[in-house]
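Construct the entire structure; sequences and hints are all you get.
This is what each chain is made of:
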Amino acid sequence: MPDGVRRRPAGLTGRHREWLAAAGFLAPAVVAVLVLRLWPTLQAVMVAFEVGPGSLPSLANFRFLFADPEFTGSLATTALYSVLVNPIQIALALGLAVLLNQALPAVGLWRTLVLLPVAVPQAVSAVIWGVAMRPDGPLNAAFQALGLGAQPFLTSPRQALASIIVIVSWIGVGYWMTFLIAGLKDIPTQYYEAAAIDGAGAWQRFRLITLPLLRRPLTFVLVADTVANFLVFAPVEILTRGGPQGSTNLVMNEIYNRAFDQGDTAGAAAATTILVLVVVAVVSIQFRLMLAKDDFS
Amino acid sequence: MSAGVAAPERSARRRRRGALPTLLLILAMLAALYSVMPLIWAAASGLRPGTEIFRYLSPLTIWSLLPRHPTLANLHVLWSGPFARAMTNSIIVATVTVAVGLLLCSSAAFALAVLRFPGKHAVFAVMVVSFLIPFDSIAVPLSTLFRGFGLQNTYTGLVLPGLGNGLAVFMLRQFFLGIPRVLSEAAMVDGLGWWGIYFRIYLPLSRPALIGAGLILFVFQWQAFLWPLLIAPAPEVHVVAIAIANFAGEFGVDYGEMFAATSFAALVPMVIMLFFQRYFAASLATSGTKE
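Protein chains in written order, with the numbering used here: chain U, 5 to 301; chain F, 28 to 318.
You may find that some hints are simply not true.
To be verified - Simulated restraints, written as ranges between beta carbons of each label pair:
| id | chain 1 | residue 1 | chain 2 | residue 2 | range |
| --- | --- | --- | --- | --- | --- |
| 1 | F | Ala214 | U | Ala83 | 50 to 58 Å |
| 2 | F | Leu50 | U | Lys189 | 16 to 24 Å |
| 3 | U | Phe264 | F | Arg112 | 21 to 29 Å |
In short, the hints are calculated from the structure, not lab data. Even for Gly, the Cβ is constructed at its ideal location relative to N, Cα and C.
Okay, structure coming up:
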């Protein structure tokens with residue numbers, strides 16, 4: 005037994021020494037968790053509920069927030085954005101994963117090129133796409149060459165959110181694809197061989213083998229992508245600042261504006277509390293997925 | 028079945044098999060082209076005089092994509108201006124984050140994977156969940172705290188939030204669990220303490236996991252935008268992402284210079300990612316999606 009071997013030279017003091025060692029090894033990370041994550045979260049919650057000496061928690065900030073059409077508008081925009089961007093990105097990532105998992109010539113090269121935008125800082129990608137989408141930019145030049153006419157893109161309240169979706173999808177799809185390719189590689193090829201012998205077509209093989217066996221990585225990507233999209237900030241701040249007419253005022257931009265342009269610390273804290281609650285709910289699902297195949301329990 | 032019927036059927040099937048891979052290959056190439064086209068255009072525009080960025084767009088020709096009169100003038104201007112400072116700042120912040128962050132994350136992972144102590148499950152769960160609270164969601168309240176500590180416009184303020192990373196801890200712990208216990212038991216009999224076991228056995232054996240975790244830490248810092256915007260607004264501590272966003276917001280910006288700057292900012296992580304691609308893929312695979 006490994007336990008017996010370990011205990012013999014050290015004894016009881018050895019076990020206590022091990023506890024002490026654990027405390028030492030963990031201390032920096034525990035301090036980091038406390039100071040960098042839990043303290044600011046607690047701080048935001050306390051400011052949001054106006055917890056202080058001699059005062060009872062109050063919902064006033066939340067009432068104020070939900071009475072403000074700018075905030076409710078930003079929630080609606082974030083909801084619309086999430087409903088659109090997540091299915092689009094996951095469908096594209098899945099399609100690309102299946103495509104780039106085939107035995108094609110130079111497939112590794114295509115895969116790397118599709119992943120390349122992930123490495124570029126979001127702020128940089130936003131700047132590049134911002135210039136590309138200008139009225140006199142190359143995208144409109146291409147649209148006109150194809151006879152589609154010039155488009156306003158980021159300057160139109162009807163197209164700005166769609167343009168942001170195009171940009172963040174260009175950035176992120178390759179990243180999510182990588183998780184799905186790893187999942188595809190884990191599906192035993194015998195399943196496909198057996199299905200081919202039984203005469204299953206490509207669509208049947210995809211629906212009856214690939215999709216069910218890809219459920220775990222797909223769920224993971226869905227959850228992680230949803231969180232990432234809740235937090236999109238750089239493209240909005242750089243390209244539209246929430247406009248035109250609030251059409252791209254996603255919740256992170258709303259919190260930032262509230263805290264720094266309007267100096268509404270309490271409102272920003274209340275909005276942060278709501279965001280953290282939603283994100284923690286989604287992340288705990290993610291955590292359970294990560295632990296599902298873990299050897300800890 | 029006669030051979031006369033089977034033969035055309037077989038050749039038809041072969042033809043279909045011939046057409047499908049070609050179609051798939053074209054699709055794969057189109058996806059790759061769509062992914063790199065904006066980057067190529069940006070890099071090429073960095074080699075153009077600022078006045079030529081929008082000049083060759085109509086009608087579309089090869090000169091819409093490639094520079095007609097390539098010049099290195101933009102690069103010279105950049106390296107003598109504030110952008111050089113931003114690049115240095117970014118490299119310092121990222122390097123310190125990776126070095127200190129690896130030490131912090133791997134020592135925590137070592138305790139969680141190897142040592143036995145009461146409350147281990149709870150510590151692990153609390154740590155990973157709190158690190159999984161995405162940093163950006165609490166960046167605004169944290170920046171208020173940091174300003175109170177006097178960390179505004181300091182490297183320390185920029186580096187600190189990047190040090191602890193739940194994914195890096197999780198990944199390293201997973202790797203450490205795979206290292207046989209007998210190794211540390213033997214070392215202990217030989218008189219090596221826990222610190223020695225961590226430093227001389229676990230770290231040297233964990234190169235791939237350390238590179239993977241290092242990449243996670245690096246990418247976090249190189250991507251950061253909201254945090255430096257909040258905590259380091261002074262020009263002396265601008266990082267690359269902020270410098271470029273400011274470029275874009277300037278009135279009468281020289282687009283040639285701006286694109287040269289974007290190329291530099293994109294090139295550093297791309298080279299690192301391509302160099303360590305194998306480890307990068309492996310690090311993604313360990314984040315729990317593998318059956």
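Comparing the hints with the structure gives:
{"no.": "1", "hint": "F/Ala214 / U/Ala83: 50 to 58 Å", "verdict": "56 Å, holds"}
{"no.": "2", "hint": "F/Leu50 / U/Lys189: 16 to 24 Å", "verdict": "23 Å, holds"}
{"no.": "3", "hint": "U/Phe264 / F/Arg112: 21 to 29 Å", "verdict": "24 Å, holds"}
Violated hints are absent here; each numbered hint is respected by the structure.
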